[in-house]
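**Q** One-letter residues, chain by chain:
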Amino acid sequence: MSAAPGHTLEPRWLKPVLITIALLFLAVFILLPLVTIFSQALSVNLQDYLAAALGYEGATPELPPLFASLGEGTSVYRAALSDAEVRAAIRLTLLTALICVPLNTFFGVLLAWAVARFEFRGKNFLVSLIELPFAISPVIAGLIFILIFGASGWLNMIPFGTQADGSTLTLYQWMDARNLKVVFAVPGIVLATLFVTFPFVARELIPLMQEMGKDDEEAALTLGASGWQLFFRVTLPNIKWGLLYGVILTNARAIGEFGAVAVVSGNVRGETTTMPLYIEILYGEYQFATAFAVASLLTLIALVTLVVKAVIEYLLQKQRTG
Amino acid sequence: MGIEISQVSKRFGDFLALDGIDLNIPNGELTALLGPSGSGKTTLLRIIAGLDTPDTGSIRFFGEDATRKRARDRKVGFVFQHYALFKHMTIFENVAFGLRVRPRALRPEKATIREKVEKLLDMVQLRGMARRFPSELSGGQKQRVALARALAVEPKVLLLDEPFGALDARVRQELRRWLRYLHDEIHITSVFVTHDQEEALEVADRIVILNKGKIEQSGTPEDVYDNPANPFVYGFLGNVNLFHARKELTPNGGEIFIRPHDISLSARDDSGKGIPVRVTTHRILGNRVRVELETREGENIEANIERKDWNALQDADLSALYCQILQGKIHAPDNTWSNYVI
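So the sequence lines, in the order shown, correspond to chains B and C. Per my numbering, residue 1 is the first one in the first sequence, and the count goes up by one each step. Per my numbering, residue 323 is the first one in the second sequence, and the count goes up by one each step.
The hints are simulated quantities; they were obtained by calculation from the structure and are not laboratory data. Owing to the predicted nature of the structure, the values given are computational and were not obtained by experimental measurement. Just so you know, not all the hints are guaranteed correct.
Heads up, simulated DSSO-like pairs for lysine-lysine below, C-alpha to C-alpha not over 27 Å straight-line [stated by the list, open to error]:
1. B:Lys214 - C:Lys534
2. C:Lys478 - C:Lys441
3. C:Lys478 - B:Lys214
Please build the complete structure, drawing on both the sequences and the hints.
**A** In structure tokens form, the structure reads like this:
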């Protein structure tokens with residue numbers, strides 16, 4: 001019989017109550033905002049579209065939010081996507097992700113390998129250092145780069161030759177003269193994103209590689225495998241799902257990062273605005289239709305990421321138990 | 323000479339794992355490195371394999387210096403306690419791994435690899451398992467695959483790190499007999515690490531006993547068992563009763579070592595040399611019986627007698643028996659041994 005046995009610790013009512021609370025919380029704070037973004041994006045766009053199509057000025061016909069989920073709404077997306085600044089923002093976001101994801105994957109694997117396979121002084125310190133980008137506020141992460149590369153930063157204190165009038169030329173001035181900008185330019189955005197997304201791969205891999213142990217790799221070594229063969233034939237197949245999971249989280253954060261990027265961006269429209277930054281600008285300018293269109297696009301990426309992540313989690317689970 | 327180890331030391335932080343080891347491992351023999359945990363036996367094995375580097379000293383393989391050689395170039399087969407099979411590969415792929423990772427010029431043809439792997443799987447009695455994955459095999463089967471995998475690269479030396487340690491008692495016994503049989507067939511120079519003296523005595527041609535990073539003794543199983551070099555070896559190779567020798571036996575003091583099965587029990591003291599004892603407890607272990615005895619002086623003695631001898635005492639008074647010491651050894655403070663004569 002499946003009647004609650006007397007020896008379990010929890011009272012019988014606890015389970016449904018906890019589940020209900022969790023589901024309610026999820027619905028109110030996560031599901032509702034998510035639905036709103038899409039319905040807003042689609043209905044606002046549709047309203048604008050209808051208004052334009054029917055020649056209305058001012059008042060537009062009120063539509064039930066979810067009515068607009070198909071068909072007509074997409075044309076306004078197309079309109080938003082054809083906007084040069086929107087496209088620049090999408091391009092910059094993708095470029096940032098394209099640079100940050102491979103770099104952090106590479107260094108994450110490197111770091112995880114070092115921590116999981118070798119004993120060295122200061123290892124615990126290094127492991128805590130990996131978590132630093134998670135621990136500090138993204139705004140501060142951005143400020144760090146301003147302090148290093150900005151006009152009043154360290155770079156402006158490093159002498160790099162002499163100017164025509166005999167005074168010292170700083171590295172910053174030298175770079176500035178050649179139009180090499182770090183902050184308030186694309187390199188700053190990439191650096192800040194690199195910083196905030198660094199921990200994902202390493203943090204995912206370290207416990208996985210520690211759990212895996214050295215035995216498999218040592219076995220491969222004694223069988224004559226070279227370093228590359230060892231990594232690609234033995235290590236990688238063991239960590240692949242964990243690695244992919246880390247990569248996806250890195251990608252999600254690289255695309256969505258706001259705080260750190262906002263500080264170093266300088267918000268030059270069409271040049272240094274990523275998608276999240278551009279959404280904020282549009283919103284500030286009351287361009288709700290475009291703002292929600294871009295926002296829903298960003299959310300869509302997040303949702304796809306979530307699905308891929310869930311699939312990988314499932315596969316990871318299967319690999320661990322199998 | 324097979325493997326020559328000279329003056330090898332290894333330190334891990336404050337812990338001296340190996341302290342100037344000198345050892346020759348003869349060609350074609352099966353040598354056991356025996357010792358308690360922390361004795362350095364696994365470290366020594368890993369240094370032979372090239373998986374660890376010695377702080378000082380050198381290793382020679384068949385006359386050739388191998389100290390600086392990398393593990394992958396040493397041509398050793400290594401078998402791990404927890405098998406270390408590649409979980410994502412089939413049994414066939416596991417065994418073929420060492421052949422597949424060879425440089426293109428040295429890599430055998432596909433058909434040759436197949437033939438070789440099948441032959442090895444036959445040898446370890448796992449012919450039908452080629453397409454299975456390691457997770458589908460039992461512990462004993464996994465260890466046999468690991469052995470086949472190690473042998474596939476035709477190593478000059480086979481190294482086994484507690485190869486039966488993770489198996490249950492029955493499989494362990496079966497597999498170690500099988501290993502002995504296999505070694506008699508292929509005569510590859512082999513070294514295996516164990517903490518189980520019974521295993522070492524049963525399987526090995528030679529036993530090297532390690533303690534605290536030093537070699538206590540090495541020799542044939544009979545040799546180390548019958549003529550232990552020191553009290554540690556005596557104690558490690560089997561249970562032992564230890565008594566302080568009386569002044570009449572050794573003027574400078576010393577200790578008497580008597581193995582539990584070198585003690586017999588009787589109801590009457592026919593020889594006149596028996597020691598009066600009483601049985602405090604006993605335990606029947608199949609065909610043998612472990613009996614704990616107490617002398618009149620209050621000393622405890624452990625005896626291990628045959629079941630039929632125990633049965634013969636059925637009607638005797640267990641609180642008034644005599645124990646006879648069949649043989650024993652006296653260890654004097656100057657580290658010399660003499661036979662204990664009653």
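**Q** If any of the earlier hints don't hold here, list their numbers in rising order.
**A** none
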